[in-house]
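Protein sequence lines correspond, in order, to chains A and B.
When the letters of the first sequence are read in order and numbered with numbering that gives the first Met the number 0, they come out as residues 0 to 332.
When the letters of the second sequence are read in order and numbered with numbering that gives the first Met the number 0, they come out as residues 0 to 332.
Do not take every clue at face value.
Identical chains blur together in the list; that is why a pair holds if it fits in one copy or across any two.
[To be verified] Cross-link-like lysine to any residue pairs, in silico, SDA-like; alpha carbons within 25 angstroms at most: (1) K302 - R45; (2) K80 - E143; (3) K302 - A167; (4) K302 - E193; (5) K302 - L164; (6) K80 - R234; (7) K302 - A89; (8) K302 - A280; (9) K302 - C36; (10) K302 - R123; (11) K177 - A116; (12) K177 - V90; (13) K302 - D241; (14) K302 - E265; (15) K80 - T65; (16) K177 - F319; (17) K302 - R93; (18) K177 - R6; (19) K302 - G79; (20) K177 - R49; (21) K302 - A233; (22) K302 - R212; (23) K302 - A239.
Keep in mind that the hints were calculated from the coordinates and are not lab data.
Number of protein chains: 2
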Amino acid sequence: MPQDAWRIDNTPRAGSSEVLCDVEALNIDSASFRQLCESNGYDAVRIGERVLEIVGQRGKQHNPVTGSGGMFVGHVAEIGKELQGSNGLAVGDRIASLVSLTLTPLQIDEVLSVEIATGRIRVRGKAILFQSGLWARIPHDLDEGVALAVLDVAGAPAQVRRLCLPGATIAVVGADGKSGLLSCAAAKVRVGPEGRVIGIVPDDSSPGAQLLRQERLVDALVVADARNALEASARVAALAPDLCDVVVNCVNVAGTELASILCAREGGVVYFFSMCTSFTAAALGAEGAGRDVTMIIGNGYTKGHADIALQTLRENPALFAYFNETYATRKTA
Amino acid sequence: MPQDAWRIDNTPRAGSSEVLCDVEALNIDSASFRQLCESNGYDAVRIGERVLEIVGQRGKQHNPVTGSGGMFVGHVAEIGKELQGSNGLAVGDRIASLVSLTLTPLQIDEVLSVEIATGRIRVRGKAILFQSGLWARIPHDLDEGVALAVLDVAGAPAQVRRLCLPGATIAVVGADGKSGLLSCAAAKVRVGPEGRVIGIVPDDSSPGAQLLRQERLVDALVVADARNALEASARVAALAPDLCDVVVNCVNVAGTELASILCAREGGVVYFFSMCTSFTAAALGAEGAGRDVTMIIGNGYTKGHADIALQTLRENPALFAYFNETYATRKTA
């Protein structure tokens with residue numbers, strides 16, 4: 000499998016069941032980009048050289064330290080024979096890849112710029128999408144940076160829509176981040192007026208928390224450190240004595256598994272979207288607490304997830320404005 | 000929380016909502032016991048001294064290296080006032096704890112013996128079960144070693160019963176171990192004559208694999224190394240071209256997440272009972288493969304799981320005989 004392989008063949012030519020793309024930009028995943036920044040003194044030139052080196056050695060942007068990748072943006076250059084007319088793509092379409100760069104054959108001709116603030120690297124290059132490779136067309140009316148920010152966490156609102164039922168009580172742990180905001184918005188629509196969405200944030204002065212409150216994307220905001228399981232779950236229990244039907248974990252720190260479990264009612268669901276989740280902490284936490292909950296590993300891929308995530312954004316003008324302010328591509332003169 | 004705490008109060012006295020037990024034996028979990036053996040030269044006396052030291056320092060058998068515990072067997076000595084007549088226990092009842100020793104207050108007066116082959120340590124001591132603490136009465140007609148072996152993996156057959164539907168196709172990865180055997184037996188009953196259970200084992204000469212085949216606890220046995228995702232899933236696909244509705248992962252090695260995912264059909268369920276599961280390998284594996292499956296973190300606790308596991312064993316005389324041969328307490332003269 001291309002993810003397991005140290006090096007993959009990155010010859011820029013589309014096989015009969017492949018799509019060749021002209022790559023404009025890489026969106027490096029945040030764990031990988033932080034590592035690249037730290038080991039290269041936050042120097043844009045050195046980071047660019049290191050990315051060229053990794054892709055030269057491995058045939059893909061697969062950070063050997065963090066094991067993670069990212070996604071790319073580009074145009075369709077060539078469509079393999081078997082796929083022509085059948086996969087909904089046309090040459091020239093502007094797309095974002097939704098599969099990890101850790102398994103995407105990539106060749107970089109030139110690094111044009113490295114944007115330290117966003118982990119975005121503009122390049123000239125070519126990439127291959129396999130038949131099973133996932134992609135999303137970038138909508139014409141959406142800024143590309145915004146589209147990428149949404150597509151990056153598209154699994155979260157799609158799963159929320161699937162798991163939450165009308166009238167349900169939902170908690171979103173880490174509600175003020177990118178995936179948390181979209182999860183709250185998706186949950187609010189889904190549970191309806193009889194349901195309730197509780198956001199848990201470490202600090203209610205963050206821009207995300209303020210947006211949640213002002214735009215009523217949650218019914219209640221709980222300020223608590225989710226690493227303190229007893230305190231955080233007690234605050235949620237004070238608002239919802241029967242606890243929550245579904246708990247969505249969107250945090251970016253470790254150690255919040257038990258709080259998430261304790262917020263869920265017997266028979267409820269805990270959805271771990273955070274990549275900081277520890278399998279054993281979740282498994283042993285639920286056993287130790289004697290809580291019969293279904294714990295789900297966040298799957299970055301859900302059928303129709305890209306459309307659902309973009310729709311969630313469009314349905315919420317204030318959220319749309321916030322994403323535009325926060326993630327729109329910075330134009331350089 | 001007692002699991003997080005380095006040291007807990009182990010005063011042997013039952014609070015009003017607690018149960019005090021006379022402890023006969025500790026069943027150290029296998030990761031912890033291997034570490035204790037290796038760091039003490041497989042010397043029973045030294046291992047016993049080390050356990051005394053850990054419990055003396057921490058108030059619980061919480062291995063500081065592996066972070067894991069085990070369970071205990073004993074008799075009910077005292078029942079707190081609030082629980083009398085309400086929790087189904089009577090003084091003198093023989094029980095096994097179903098919560099981890101990492102959160103169970105324990106005092107050891109004497110270590111009587113350490114059995115290297117099984118990780119079983121006979122002691123004289125006292126332990127406290129909290130109101131929420133889980134326990135199972137040890138059936139009179141069952142050898143205690145057998146009961147413990149079954150209770151240790153009780154979550155697996157209980158979850159299998161919940162997830163598998165009549166007529167479904169099920170794969171059990173690591174079918175020949177303790178949890179795998181019970182999962183196959185539970186799945187076989189549940190899916191019925193229209194359904195199918197496929198066992199995946201690394202080697203079909205193991206006693207467990209032979210039992211599966213002879214007693215028809217599986218409809219088909221696939222011999223494959225589940226760390227090779229493509230090969231293992233291709234063999235399953237050859238038997239079940241529509242792939243599996245539910246895949247249960249019971250292996251004790253790392254790196255089998257992708258094989259498990261690829262054996263599941265679109266919309267299917269992968270249940271990770273193995274504590275070797277990596278959260279990120281599962282999450283990124285499903286995303287990379289573009290497979291829309293629900294991945295569940297094995298919860299050691301499920302309502303009624305102890306009874307379901309024991310019932311699964313009783314319903315299968317050959318499996319019962321195998322567990323007796325393999326796990327019955329070795330009587331010493």
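How do K302 and R123 come out at 25 angstroms by Cα distance, when the copy is not named: within, between, both, or neither?
neither (31 angstroms within a copy, 57 angstroms between copies)
Have a look at K302 and A239 and pick one of within, between, both or neither, based on CA distance no larger than 25 angstroms.
between (32 angstroms within a copy, 23 angstroms between copies)
K302 and G79: within-copy, between-copy, both or neither at 25 angstroms Cα
within (24 angstroms within a copy, 52 angstroms between copies)
Quick one: K302 to D241, C-alpha cut-off 25 angstroms, is that within a copy, between copies, both, or neither?
between (32 angstroms within a copy, 18 angstroms between copies)
Intra- versus inter-subunit Cα pairing at 25 angstroms for K302 with R212
Close neither inside one copy (30 angstroms) nor across copies (38 angstroms); limit 25 angstroms.
I want to check one pair: K80 and T65. Are their C-alpha atoms no more than 25 angstroms apart within a copy, between two copies, both, or neither?
neither (36 angstroms within a copy, 54 angstroms between copies)
Between the shortest in-copy and the shortest cross-copy C-alpha distance, which are at most 25 angstroms for K302 and E265: within, between, both, or neither?
between (28 angstroms within a copy, 9 angstroms between copies)
From the Cα coordinates, with 25 angstroms as the cut-off, is the pair K302 and A89 best called within, between, both, or neither?
Within. Shortest intra-copy distance 21 angstroms satisfies the 25 angstroms Cα cut-off; inter-copy 53 angstroms does not.
Please sort K302 with A280 into within, between, both or neither, judging by C-alpha distance up to 25 angstroms.
Between copies only: 20 angstroms across chains, 29 angstroms inside a chain, cut-off 25 angstroms.
Intra/inter-copy verdict for K177 and R49 if alpha-carbon distance must be at most 25 angstroms:
Classified as neither; 28 angstroms inside a copy, 48 angstroms across copies.
Intra- versus inter-subunit Cα pairing at 25 angstroms for K177 with V90
neither (32 angstroms within a copy, 54 angstroms between copies)
Please sort K302 with A167 into within, between, both or neither, judging by C-alpha distance up to 25 angstroms.
both (23 angstroms within a copy, 22 angstroms between copies)
The structure fails to meet hints 1, 2, 4, 6, 9, 10, 12, 15, 18, 20, 22 from the earlier list, while all remaining hints are met.
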